[in-house]
Amino acid sequence: MAKKRKRHAISTRIWHWVNALALIILFMSGLNISNAHRRLYWGDGGFLPEQAWLEVPRFPGWATIPDYYSLAAARDWHVLFSLVLGFSLLAFMISAFFNGHMKRDIFASRREWKPSNIWRDVREHLKFNFDHGAGKYNILQKISYAGVILILIPLMIFTGMVMSPGMEAAWPWMTEMFGGRQSARSLHFIAAWLLFAFFVVHILLVLAAGPIGQIRDMITGGKIEGDDDATA
Amino acid sequence: MQRRNFLVAAGAAFVAGCSEIGKTNWFGKLVDGAEGWHRGLHRALGVGRIPMAPEYSRADLSPYFRGNGSLTVDTDAYRAAEAEGFANWRLAVGGLVDNPGELTMDDLRALPQRTQITRHDCVEGWSAIGEWTGPQLSRILETAGVQPEANFIIFRCADNLNGADYYESCDMDDAIHPQTIIAHQLNGEALPVRNGAPLRLRIERQLGYKHAKYLTGIEAVASLDGYGQGNGGYWEDRGYQWYAGI
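If you're matching them up, the sequences are chains A and B in order.
The working numbering puts the first residue of the first sequence at 1, with every later residue one more than the last.
The working numbering puts the first residue of the second sequence at 1001, with every later residue one more than the last.
Excised from the complex, chain B in its bound form (with noise of 0.2 Å):
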């Protein structure tokens, strides 16, 4: 019985020592630079050649496609834009670019189209099938110039998620990745709501809280700093990685 105590008392104290030591600063540190050597890794191993996630055929889209997160935009402004098709719904292009200007949804259509059938991965752990059509984001940041300086990219979003604005960010590998699109057709039709209407991000090597929804500007950036908590998104802010290929 004394046995039997020692180990549960010796476990209790293990998974509470673990859930201690996963507070501190000094793991925090270990977490990133372990982000740092998969993305490392990721990136060596596919080396030659631009890694490209797999793309599918029709007859493997997932029944319907699941809606997580943010379901809507909870505001008087984007309940107008519903109810107007999204006619007048503007994709403002900032930062560090050469060209700063607004795009409208006719803007975007009129650039070429990229249509891509791509599994989404969510960090919870479940997948959906989707085909995804909208321009290259290569294609925008191209137009606007991006400066040599930029060495990322932000997406600002209409949605608040617990109060807090929702928002991304990658590198520029990321950007300009030819799978990487703003997406403003699922299945063939426009964007339903609950995918995150009228635009939404799709960044096809990294989990579904990078695929920023409701997006309302880009920006090219040479620092996350000074953007929500410095972490370069909304879910980074509350403690998941960055770098979400992994």
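Chain A extracted, bound-state conformation (with noise of 0.2 Å):
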């Protein structure tokens, strides 16, 4: 008999807790850093209040990092989890690429995408019934994890990567694709709010779904249910 496989493998495991404080410091270190200068613009450049499509709020202390204004000490833990960041999400993305997790768990088939399917999945939310679909994960969890793994954080950094003007000098055309570095700012704010709404309904759903059990699971690894009386 093979081995059991654990309902999360390791490198997801291991991923998703450094992901999880990575985002947080750089969330709220970035509230930090947006205090410096509360406006918004499309384009390159942009400095004076008519230019500005949004003026955001200030963020208060206790949503910062650290919990008192200081740009300087706000970059350096942004600079520093920039760099963990990134690399975590490139060495989860090789390894869920090459254990099938991508594949198996992540992008769903074309069954899945049918608009019947999907209005199955929000009927069941709803309800409250989370424990349903063929695969491990439904198509409304699998619509939200490819959208973060796949658009929403690398979004994040990439257009971090665009605000540094010595990355900026290395590759000038990833400033165009997002046109130009103030849009890039924009499209970073926008993509950190997106991050943190995924945040709330990820904790709210864990919390629904009894949070003990997922959150041991994501340690532990788990198994995966049903396996004990599987069937040649």
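These aren't lab readings, by the way, just hints derived from the structure by calculation.
Quick reminder that beta carbons are idealized off the backbone N, C-alpha and C, glycines included.
Take the hints with a grain of salt, since some may be wrong.
Claimed, not checked - If you only want the chain A side, here are some residues facing chain B, beta carbon under 10 Å, derived:
no.: 1; residue: Leu40
no.: 2; residue: Tyr41
no.: 3; residue: Gly61
no.: 4; residue: Ala63
no.: 5; residue: Tyr68
no.: 6; residue: Leu83
no.: 7; residue: Gly166
no.: 8; residue: Met167
no.: 9; residue: Glu168
no.: 10; residue: Ala169
no.: 11; residue: Thr175
Unchecked claim - Rough simulated footprint, nothing fancy, chain A against chain B, three-plus residues with beta-carbon under 8 Å:
no.: 12; segment: 1023 to 1035
no.: 13; segment: 1038 to 1044
Dock chain one against chain two, each of which comes alone in its own frame, and use the hints as you go.
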């Protein structure tokens, strides 16, 4: 008999917690950095109120790292954990492609993309029935996880890189791809709040689905459900 | 209720803990390491050519160029120099060079000029686009004959911010970069006082605080020790990264 597979591979578990820590620190130090200039612009440049498309609120100390206003200290955290975020995502993606996690659990089949299946999944979620779907994750989970892993976090990394003038000199095409440095800064801000929204929904669903078992499995790996009575 | 109190307390402990960690020496060392990694990545990803900051057209110029930090120099000598249109301003060239000396404004204008429309990114987050004109620093250093022991160029400034003299520094890679110029013009006119009249550094692959204003001298040095608090710049002495390309 083959060795029983764990519910979460060791690479997934390590990345999950490293990534969680990095995102929390980057988000909160990012709010501190945002306080240094609370306007967002589109295009290459911008510094005047009339050029801005959004004036963002001042974020209070309890929401920022450090817990007082310091652009220098907040940048220290941001500069350090941007590397953690980027390289841990790269390592996770490589292992998830090779161990089949991406193909098996994250990418959805054509059948799953059918509107009837998505609609059924929405209805089940509204009934608070989370235990459904053929694979490990249902279609709404797949969409959210793929959206975060393949779109939102890479968007954060690349827009962050565009904002580094030294990086921009090396890869100027990336700035153009995002429509200019200030556009990249705006997208960085928007993607950060979309990630925050994911974080809130993720926590609420873990709480609804039984937080002790969910968190335990993300630490120990857990068992694949129904693995014991699998027949030939 | 208890659970919520617990979460609030845990959150407060987390940010307070991070604030304390941020003040430790080992965290500072980690951050210095990360700064080096970013710098190494920027250099490695741009390998095979000279990485250049993007240049723009006149249509992209900002409505005006914002001034930040020191907006003038609060000394009688500077006010007197301003009154005479900075005709007698001098840029001292010294340190580890074979031919130390002083350059007049006419000397600087007589050198081959570079005009570049670039984007200035402040560490705070805003950007302004301006057209800068001046001689390349590499020309000045070439004439001065920089000695092989020199690892950095120090930029001395006339302005004093919150009681300390402003200064900056860069490595030789940035010093001889084609876009590193000693600008005396902004948007085709003499540099305005708020933007650093009569001379300011443009070091286009780094953030705004590196672009020292009100330049009085450049100095080739082996080490940054002994200048300011030894971190290579006014803002660097106040916790900001020395490599401001991040």
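Each hint, compared with the structure:
Evaluation of the A:Leu40 hint against chain B yields a held restraint, the C-beta minimum of about 9 Å falling below 10 Å. Annotation: A:Tyr41 was flagged as interfacial toward chain B, and the flag holds, the nearest CB pair being 8 Å apart, inside 10 Å. Using the Cβ-Cβ criterion of 10 Å, the hint placing A:Gly61 at the interface with chain B is satisfied: the shortest such distance is roughly 8 Å. For A:Ala63, the interface hint holds, the least distance from its beta-carbon to any beta-carbon of chain B being 8 Å, beneath 10 Å.
Because the closest C-beta pair between A:Tyr68 and chain B is about 7 Å apart, less than 10 Å, the hint holds. Below 10 Å, beta-carbon pairs count as interface contacts, and A:Leu83 has one with chain B at about 6 Å; its hint therefore holds. Residue-level restraint check for A:Gly166 holds (minimum Cβ-Cβ distance to chain B is 2 Å; threshold 10 Å). For A:Met167, the suggested interface contact is upheld, since its CB lies about 5 Å from the closest CB of chain B, less than 10 Å.
Taking 10 Å as the C-beta cut-off, the interface hint given for A:Glu168 holds, the closest approach to chain B being about 7 Å. The criterion of a C-beta within 10 Å of any C-beta in chain B is met by A:Ala169, whose closest approach is roughly 4 Å, and the hint holds. The criterion of a C-beta within 10 Å of any C-beta in chain B is met by A:Thr175, whose closest approach is roughly 7 Å, and the hint holds. With a threshold of 8 Å between beta carbons, the proposed coverage of the segment 1023 to 1035 of chain B by chain A holds, since 6 of its residues qualify and at least three are required.
Evaluation of the coverage hint for the segment 1038 to 1044 of chain B: fulfilled, as 5 residues show C-beta separations to chain A shorter than 8 Å, against a requirement of three.
When held up to the earlier numbered hints, the structure conflicts with none and fits them all.
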